[in-house]
Amino acid sequence: MAETEKTIKLEYEVGKEEFSKAGIASSNIKKVLNQIGIDSTIVRRVAIAAYESEINIVIHSEGGKIIAEISHDRIIIVAHDKGKGIENIENAMTKGFSTASNEAREMGFGAGMGLPNMKRTSDQFSIESSKGSDTIVEMIFNI
Amino acid sequence: MENYWHSVNLDITKCNGCTNCLKRCPTEAIRLRNGKAEIINERCIDCGECIRVCPYHAKRALTDELSDMKYYKYNVALVSIPIYGQFHLNKEINKIFNSFYNLGFDEVYDVAKAADYLSIALKDRLENKEQDGPLISTLCPAIIRLIQIRFPSLIDRIIKLETPMEIAARLAKREAMEKTGLSMDEIGTFYITECPAKITSIKNPVGIRKSYVDRAISIESVYSKILKLYPDVEIRKQIQNSSSIGIGWAKANGQSYSIKAKNYLAVDGVENVIEVLEGMELGKLNDVDFFEGYACVNGCIGGPLTMENSFIAKARIRRISEEIGESQFEAIDKAKALEIINLEMKDWIDDIKPKNVMKLDSDIRVAINKMDMIEQIYKQLPGIDCGTCGAPSCRALAEDIVRGEASIDDCIIRKGQEAKK
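If you read the protein sequences in the order shown, they are chains A and B. Following the numbering used here, the numbering of the first sequence begins with 20 at its first residue and continues without gaps. Following the numbering used here, the numbering of the second sequence begins with 6 at its first residue and continues without gaps.
These are calculated hints, taken from the structure and not from any lab test. Where a beta carbon is used, it is the ideal one built from N, C-alpha and C, also for glycine. Please note: incorrect hints may appear among the correct ones.
In silico lysine-lysine, DSS-like type, Cα no more than 27 Å apart, as pairs [said to hold, decoys possible]:
1. B:K364 x B:K128
2. A:K101 x A:K35
3. B:K341 x A:K50
4. A:K40 x B:K341
5. B:K358 x A:K50
6. A:K25 x B:K364
7. B:K128 x A:K50
To give an idea of the interface, some chain B residues facing chain A are shown, with a C-beta separation under 7 Å as derived from the structure [as the list claims (entries may be wrong)]:
8. S158
9. G288
10. V362
11. L365
12. A372
13. D377
Pair ranges (Cβ atoms, derived) [stated by the list, open to error]:
14. B:E47 x A:G151: 52 to 62 Å
15. A:K150 x B:Q385: 41 to 51 Å
16. A:E157 x B:E47: 33 to 43 Å
17. B:E280 x A:A130: 19 to 29 Å
18. B:N8 x A:E157: 45 to 55 Å
19. B:V58 x A:S152: 44 to 54 Å
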């Protein structure tokens, strides 16, 4: 145990309206977690949260990134985007509430379950945003 | 794990060391070592992609032989459903079944009959499902093993239901025991197989301790013998006794059709299945009730041990199904069929477990260190995934180096770049 505790940091760029690429970051994170040997129920929760984050960045922002930090006792997923920000976080956290465009809804996204799902699957959830500024969502999963 | 037996195998004398199989393997189970391919046994799911893609026919499936009938006092041929699409329509299907008597078998069983029964049980399972989202079919053993290795979080979605092969073997064994008075071990059940993964399921079953199938012989190996025998075959019995519902299980969509499922998803071809399972793991498919996935294009009729092109076989099965119709299926006593299947399912005692063959270490701290090393090494590699080093991708080489199975000097591209500096 003399070795210092390592943390792996994975970073993925997510582009605005890049619907076809949504899921790449979450699939990669999932693969890494499986290889590290994280319990599959935790992997599933992280994967769902990361995927919802990716979709949110694609739908609502001007682009951003997903960062995964993996250490021996926890996994942190951070979704950081540039964009219009969230005006009313309480509304945004309400199941079914959505500001997604018609276009996004026609593609089957924007059901207003993204943030609630991210909160539900994670052990700790925090969101930082205001109108016109960056949105940073941080989710922690205990191992 | 060291001694994991599986069917897909390499004829080293024929391997010329090309990288075709290396790239196609969905579980990265192949490496080139000293100019020859090598299969990492515990990673192989027997999907048969390498058999299909090898230009030198160096990949094959280990099967049994007709001469193995000598080990039993009474032999039953369990003829797999894809047989329906193998022969020209001018050949009568019941006569094809009867030709197995001429091959030396004492009894012949139409496996599609077991699929008729299973259609009723599958419908029952889906009507009583308790979880949201798709339940996954157990029919394709290669897909089940793929899930064990790559999608462990989906294991609890797999329906606990035996395959037509296994159910047919049990029914046939019981019938033969009653008829002959012989013991279970004296009766040999031979599956006439389309599929190497099903051979592996006989030797290494999932969920049950022991398969009731004793041996497996490929359709390929009996095909020309049957054609030769055909003109002289006498019809002893009406062996073909399944409906178009059971026969449909030979092809992708067949199971969903058999239960008249509405929200189903049928996917064939291992790469396509992987893509859909990725999505399922991310929670994208919660509006689907049933998922049937096949490693082979078009489903089991595309099995690597069949003779006929799977699209031609599919068209023939459609014609035969129209002719045979569903009346046989309607005539089955549904409650009795359910009873038969539930009785046979008593042997399913083990849970399906994840196969952690991709895991880097059992200690999570060590695994994280190793993953970090992989990332560092990966950055030093050219990222062109050429396969010349013997690993399927630069990423896989980085992993092999960390696992102690390869060296960074195996990358000749990097060596060349270093030399130029």
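Checklist line | Assessment of proposed distance window 19 to 29 Å (beta carbons of B:E280, A:A130) | finding: Holds, since B:E280 and A:A130 (Cβ atoms, about 22 Å apart) stay within the stated range.
Notebook entry, point to check: Honestly, do B:V58 and A:S152 meet the 44 to 54 Å range at C-beta?
Noted result: 52 Å, holds
Next item on the list: Answer holds if the nearest beta-carbon of chain A is closer than 7 Å to that of B:A372; otherwise answer violated.
Entry: 4 Å, holds
Check: Under the criterion that the straight-line Cα-Cα distance not exceed 27 Å, is the pair B:K358, A:K50 satisfied?
Finding: 18 Å, holds
Note to self: Hinted pair, alpha-carbon criterion (27 Å max): A:K40, B:K341. Please report holds or violated.
What the structure shows: Violated. A:K40 to B:K341 sits at ~50 Å, over the 27 Å cutoff.
Next item on the list: Hold the hint about B:S158 up to the distance rule: shortest CB distance to chain A must be less than 7 Å.
Entry: 4 Å, holds
Checklist line | Pair hint outcome, B:K128 versus A:K50 [Cα-Cα no greater than 27 Å] | finding: Roughly 34 Å separates the two Cα atoms, so the pair is violated.
Checklist line | B:K341 paired with A:K50 [C-alpha distance capped at 27 Å] | finding: Between B:K341 and A:K50 the Cα gap is close to 45 Å, so the pair fails against 27 Å, i.e. violated.
Notebook entry, point to check: Taken at face value, is the distance from the CA of A:K35 to the CA of A:K101 at most 27 Å?
Noted result: 10 Å, holds
Next item on the list: Note whether the CB distance of A:E157 and B:E47 lies within 33 to 43 Å or breaks it.
Entry: 38 Å, holds
Check: Would you say the C-beta atoms of A:K150 and B:Q385 sit inside 41 to 51 Å of each other?
Finding: Hint holds: Cβ distance 45 Å, inside 41 to 51 Å.
Check: Does the alpha-carbon distance linking A:K25 and B:K364 stay inside the 27 Å limit?
Finding: Distance of about 17 Å is within 27 Å: holds.
In this structure, the hints that do not hold are numbers 1, 3, 4, 7, 10, in rising order.
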